[in-house]
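Asker: Given the sequences, and given the hints that come with them, work out the whole structure.
There are 2 protein chains.
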Amino acid sequence: MKGYISLMRPLNAIMASLGTIIGGIIARESLSALYFYRLYIAMATVFLVLMAGNVLNDYFDADVDRINHPKRPIPSGQISRASARVLAIVLFATAVVVSVFTFNLIQVIIAIIAILLLITYEWKAKALGLTGNIIISLLVGLIFVYGSLSIRLSYLVLILSVMAFLANLAREIVKDVEDVRGDVNRVTLPKKIGKGLSLVASAVFIVIAVSLSPIPYLFFGWKIFYVFVVAISDILFIASVFFSFHDQTVGQNLIKVAMIFGLIAFLVGSSI
Amino acid sequence: MKGYISLMRPLNAIMASLGTIIGGIIARESLSALYFYRLYIAMATVFLVLMAGNVLNDYFDADVDRINHPKRPIPSGQISRASARVLAIVLFATAVVVSVFTFNLIQVIIAIIAILLLITYEWKAKALGLTGNIIISLLVGLIFVYGSLSIRLSYLVLILSVMAFLANLAREIVKDVEDVRGDVNRVTLPKKIGKGLSLVASAVFIVIAVSLSPIPYLFFGWKIFYVFVVAISDILFIASVFFSFHDQTVGQNLIKVAMIFGLIAFLVGSSI
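Keeping their order, the protein sequence lines are chains E and G.
In the numbering used here, each number is its position in the first sequence, counted from 1, plus 84.
In the numbering used here, each number is its position in the second sequence, counted from 1, plus 84.
Take the hints with a grain of salt, since some may be wrong.
Pairs count within a copy or across copies, as identical chains cannot be separated in the list.
Unchecked claim - Taking lysine-lysine and the BS3-like style, the derived pairs with C-alpha atoms no more than 30 Å apart in a straight line are: (1) K208 <-> K276; (2) K279 <-> K86; (3) K307 <-> K275; (4) K307 <-> K208; (5) K307 <-> K210; (6) K340 <-> K155; (7) K279 <-> K307; (8) K210 <-> K279.
If you are wondering where the hints come from, they were derived from the structure by calculation, not from laboratory data.
Computed from a predicted structure; not experimentally measured.
Answerer: Next up, the structure:
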């Protein structure tokens with residue numbers, strides 16, 4: 085049991101499914117028990133897809149993990165690769181079945197597309213560097229849209245999704261610069277165009293994300309209160325650009341913290 | 085520079101100062117630029133106190149870290165113990181000076197009390213097990229009150245603080261059960277009363293925290309929406325109780341995730 089939990093990484097999956105709820109909360113208008121029902125089902129779907137993705141990650145990384153993470157369930161021999169594959173398939177299938185209970189065809193289709201993207205990522209795209217970074221960042225952005233769809237597709241959630249996509253992409257690139265020595269079987273962006281240019285690309289994505297942040301205030305009638313809160317996130321994002329050039333570990337962690345502040349700004353801004 | 089940043093752990097301090105903003109947001113009534121000014125100053129104070137605390141932690145743990153974390157700035161010889169002590173004192177002093185700019189005597193006094201508690205904790209109380217757990221959990225609860233005081237002392241923020249105190253205390257105890265083998269120079273609760281009774285105590289704190297969660301709905305007129313969101317947090321807290329008895333690593337991490345969901349429920353609930 086402990087091996088299977090370690091394989092599915094439920095905590096990591098819970099954190100991601102939180103994004104679904106946040107998307108739904110930002111998109112809310114009038115709220116009924118039905119919307120909550122749908123939102124909970126969407127959340128459960130994201131949770132199952134993420135757990136399946138985590139299992140798949142260990143399944144495909146079994147060889148590399150024998151050196152890097154010898155205590156993980158598969159390299160340590162606790163769980164066979166075949167069992168892990170069955171578990172991933174069962175979780176993916178359950179996710180699709182659960183998503184049907186949203187009674188929302190678009191949400192079912194998106195769940196299936198997300199699953200296919202995730203399998204592509206783990207199977208092939210991870211090794212492709214930037215392409216892999218883009219796929220995983222698209223999936224991160226999609227989580228908010230998915231929650232929003234339990235109610236309606238909100239433009240505000242789309243802006244949040246684009247910002248999350250850009251920030252996550254920037255962070256993936258900074259992480260690839262951080263790991264450039266250890267990455268032997270991945271053709272990452274810094275390996276192709278060098279560390280300096282990669283960090284410049286990452287900085288450009290951050291700057292675009294930051295410059296999108298006043299939109300809810302400028303065009304959607306959000307109160308100035310939102311600007312005060314999102315300013316903290318923007319300052320952290322800009323700081324992350326400067327730190328990334330000197331210390332990628334601090335830089336990528338700062339992007340993560342800035343993203344959390346940004347989420348809080350959206351939650352608060354949408355509610356006042 | 086890198087050594088000093090590693091000593092101050094700014095990311096960890098940013099996360100804590102986030103709690104100040106959340107306290108201020110929940111307590112808000114009418115909002116003016118003055119309140120934001122005060123809230124930012126309070127946030128800066130918490131940030132500086134936390135960084136000073138992190139430096140102090142490395143200062144007092146230098147001997148233990150020679151074995152457990154040999155690459156940390158002090159054991160690796162990058163920064164001397166004397167320099168670390170000076171840095172901690174400068175940061176604490178700066179925090180007090182900054183807190184004066186809230187122009188709020190209560191906030192200045194609380195900052196000083198928090199600093200004294202933190203020094204006591206790092207110096208002596210950490211080794212005392214439960215007493216140390218209580219001090220650190222009090223400080224966690226205090227962060228929200230501190231932000232709230234930039235506006236007014238809100239009963240709702242007090243409830244959140246009590247819940248955060250209880251959940252954090254429960255988590256500290258589960259962590260002490262997790263580390264019971266490695267802890268040689270700390271007389272923790274599980275060492276005094278055993279693992280089983282410690283986990284029961286932790287479960288009691290969680291159950292009290294969960295049973296406080298409907299108060300904003302029952303007595304403060306918050307919408308049923310809040311109950312839907314806080315229910316997720318409550319379910320995770322209850323799940324953490326069951327997991328803690330089998331796997332303390334999963335249990336204490338689940339408490340952390342449940343706390344994040346609980347914060348989101350308060351943010352959303354206070355805003356609708």
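Asker: Taking the hints in turn, state whether each one holds.
Answerer: Structure-based check of all given hints:
no., hint, verdict
1, K208 <-> K276, "within (18 Å within a copy, 52 Å between copies)"
2, K279 <-> K86, "between (40 Å within a copy, 19 Å between copies)"
3, K307 <-> K275, "neither (44 Å within a copy, 53 Å between copies)"
4, K307 <-> K208, "neither (45 Å within a copy, 47 Å between copies)"
5, K307 <-> K210, "neither (41 Å within a copy, 44 Å between copies)"
6, K340 <-> K155, "both (27 Å within a copy, 24 Å between copies)"
7, K279 <-> K307, "neither (40 Å within a copy, 51 Å between copies)"
8, K210 <-> K279, "within (19 Å within a copy, 43 Å between copies)"
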